[in-house]
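Chains as they are written, first to last, in the numbering used here: chain A, 1 to 73; chain B, 1 to 157.
Among the clues, some could well be false.
[To be verified] Anything over 12 angstroms on all C-beta distances counts as not near chain A; from chain B, calculated:
#	residue
1	Arg22
2	Glu48
3	Tyr150
[Said to hold, decoys possible] Label-pair ranges, simulated between beta-carbon atoms:
#	chain 1	residue 1	chain 2	residue 2	range
4	A	Pro40	B	Ser103	22 to 30 angstroms
5	A	Pro11	B	Glu70	49 to 57 angstroms
6	B	Arg138	A	His36	22 to 30 angstroms
FYI, nobody ran anything at the bench for these hints, they're computed from the structure. Ideal Cβ positions, reconstructed from N, Cα and C, are used throughout, including at glycine.
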Amino acid sequence: MTSSEVPRNVPADWLEEFEAAARRPLPLRWRYAMIHTYKPVLDDASFRSFDTMEDYRRWCEQNLPDWLGYGRL
Amino acid sequence: MGAFEYRQAEEVRDALAHHGVRYLFIGKSGAILLGFPDTTQDADLFVEKSPANGAALVAALREIGFALSEPQANEIRRGKDFVQLKNGPFDLDLVFAPDGLESFAEAWQRRIEVEGFPVCHIDDIIASKAATNRVKDRESLPRLRSFRDYWLAKHRR
Chain A
1 MTSSEVPRNV PADWLEEFEA AARRPLPLRW RYAMIHTYKP VLDDASFRSF DTMEDYRRWC
61 EQNLPDWLGY GRL
Chain B
1 MGAFEYRQAE EVRDALAHHG VRYLFIGKSG AILLGFPDTT QDADLFVEKS PANGAALVAA
61 LREIGFALSE PQANEIRRGK DFVQLKNGPF DLDLVFAPDG LESFAEAWQR RIEVEGFPVC
121 HIDDIIASKA ATNRVKDRES LPRLRSFRDY WLAKHRR
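Given only the sequences and the hints, what does the whole structure look like? Please build it.
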């Protein structure tokens, strides 16, 4: 991307990261992106389903530790 | 369980295509397919809610190794709004009614194909994340919005 095409509102360090990612092939981008970390409660059941998204959001707020960030603002 | 490998993503893409499932990658995994540099541990699929599509999805998931009991399969066929799968080779979230998006048909019209992966448009990914209004999304949205501006500029050329 030439300098005239760069959106002015994108911080320089982020732009550098976006350009670097764009140069990587998709399999490598995927490999860098996918990590597996244990999330308490969330990872302790093999299957969950919720009738509505509201049910799911409420379950997250009532059951997950706050620090996981699933609570609503 | 290890990290979700690219070859497994290809298996998802190929199995769902083979069974004719109508779906889109959404959430951070969708953004990553579009080129957004970030990390996540699962993939979110926005699935069209219909009995036939649900049945096709169950067949595809079983083919790639998800151990779905018949009651669980029925819940997917019925199209509950949200299903979280951790009973397969990797974690997968099925979203039948994502916050912030009007309909699957509209999102499908705006979709982007990335090496055969059907992905929600970056604006739809952002709309969905913004509508959830979660703490973790508040932290990632500014960078995702900057990526949107970068991505749109790059693809206008």
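Hint check results:
no., hint, verdict
1, Arg22, "19 angstroms, holds"
2, Glu48, "16 angstroms, holds"
3, Tyr150, "5 angstroms, violated"
4, A:Pro40 - B:Ser103: 22 to 30 angstroms, "35 angstroms, violated"
5, A:Pro11 - B:Glu70: 49 to 57 angstroms, "51 angstroms, holds"
6, B:Arg138 - A:His36: 22 to 30 angstroms, "24 angstroms, holds"
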